[in-house]
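Undergrad: Spelled out, the chains give:
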Amino acid sequence: MRILALAAIVVGEQPEGRDDAFEAARAGDAAAFDLLMRRHERQVLGTAYRLAGNLEDAQDASQEVFLRLYRNLARLEHVNLAAWLYRVTVNVCHDSRRRGLATVPMDDATELAAAGDPQQSAGETERRALLLRSLRTLSGKERAALVLRDMEGLSTAEVACVLGSSVATVRSQVSKARLKMRDFVERYSRRRL
Amino acid sequence: MSCAMWEERVALLAGGDLDRAEAAGAERHLEECARCRALAEDLHRELDGLRAVHAEPLAAEQYAAVRRRVLTELAKPPRGRARWPWAAPLIAAAAAVLAVVMMMKPAARPAPELPRVAAVAPAMQRERGLGRSLMVAAQKRVEARRGGRPMAARAKPARTPARAGRGPAPPRVADSPVRMVQLATADPNVVIYWLLEGKEEER
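Those sequence lines, one after another, are chains A and B.
In terms of my numbering, the first sequence has 126 at position 126, counting the first letter as 1, and numbering is strictly consecutive.
In terms of my numbering, the second sequence has 109 at position 109, counting the first letter as 1, and numbering is strictly consecutive.
Only chain A is shown next, with the shape it has when bound in the complex:
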């Protein structure tokens, strides 16, 4: 409980310093908003890409996130923008996943792994592709926790704040996600042998 409260201070409620670009964007300056997007595009598109699993859906999600940012600029004066963007990105990707891309059951994981390019060179590249495919075996919450914790590098407390969960829940989700990912890779490796 104490850790969760600390997270709220670090990530959730601490506002960033607002500069001229933010104020100009709030006033309707398109160039200033463009600058704001450039500052956060790696965070938003990178996270959406890992959550959605493909670039096209990630770009759609990012577009929606930035449009929501524009519509909510007036209300974000005292909010940590990075944390807000993470939260909205996760929500938008979750909504679009509910409409389309489904989680692949672990039983079908070997088929998913086999769906990779057979001509792809073995080794590091193949292993990376396999790891990314393993994300599709995770539930939405597990995937979000893993992406934010292990790929975006947020602390467990920060992830909890972004996802609106407790630290204990995030630890459980992250742990399960890592074990599922390892299980997926192991199954694929056994199949190759």
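The hints are simulated quantities; they were obtained by calculation from the structure and are not laboratory data.
For glycine and all other residues, C-beta sits at the position ideal for the given N, C-alpha and C.
Any given hint could turn out to be false.
[Claimed, not checked] Using C-beta positions, here's what the derived DEER-type ranges look like:
# : chain 1 : residue 1 : chain 2 : residue 2 : range
1 : B       : Arg68     : A       : Ala129    : 22 to 30 Å
2 : A       : Glu126    : B       : Ala21     : 36 to 44 Å
3 : A       : Arg71     : B       : Ala21     : 40 to 48 Å
4 : B       : Glu61     : A       : Arg190    : 34 to 42 Å
5 : B       : Ala34     : A       : Ser189    : 13 to 21 Å
6 : B       : Ala64     : A       : Gly153    : 18 to 26 Å
7 : B       : Glu61     : A       : Ala31     : 19 to 27 Å
With chain A fixed as given, assemble chain B onto it according to the hints.
TA: Frame of chain A; chain B shown alone:
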């Protein structure tokens, strides 16, 4: 604690998510358990791989495409106005018509209360309106039961409990054994008719 139970802690250890005491306990187990040690090594390698993959930036064009799409979307006029330019006056007209109709419509009447019998009025017979038609219908039924014999003038009318001692007796219909008792209620619009056959005369 079995290895299956250690898995979760090993997975947390691989990501640096255990506090110092928990991590020390997990590491002690790893020294003793080759299976969990292999699991920890796999997890370390996979997490390193994930971070490396994620660190690779996307092509600049992919970011630019998103920005372009957002700015294009923002430059468009608000969708509602552009798509339905005629909707606002139409909705206003419809609202005005609805308001006029609502003003002309009388207020809904409250549901009528069930009549309560306030007092039993002296029995009386009526020769017009509903009372008359009820009496004729009842007379016909009695005559039909008697084989079509017309009914002669009868003796005195039966005294009903409702009528007893309450004012003058009602006038009789000369050839009718059927008497009608009218019960007044609190609601002047509700009258209860009680039809009686003249059983006393048949004894």
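Undergrad: Next step is simple, just say for each hint if it's right about the structure.
TA: How the hints compare with the structure:
1. Checked against the given bound of 22 to 30 Å, the beta carbons of Arg68/B and Ala129/A, roughly 29 Å apart, stay inside it.
2. The hinted window of 36 to 44 Å between Glu126/A and Ala21/B holds, with their beta carbons roughly 39 Å apart.
3. Taken as a hint, the range 40 to 48 Å holds for the pair Arg71/A and Ala21/B, whose Cβ atoms sit roughly 47 Å apart.
4. Distance hint for Glu61/B and Arg190/A: a CB-CB separation of about 39 Å, consistent with the stated range 34 to 42 Å.
5. Hint check: Ala34/B to Ser189/A, Cβ distance near 18 Å, so the stated range 13 to 21 Å holds.
6. Between Ala64/B and Gly153/A the CB atoms are about 25 Å apart, so this pair conforms to the stated range of 18 to 26 Å.
7. For the hinted restraint 19 to 27 Å between Glu61/B and Ala31/A, the CB-CB distance of approximately 20 Å keeps it satisfied.
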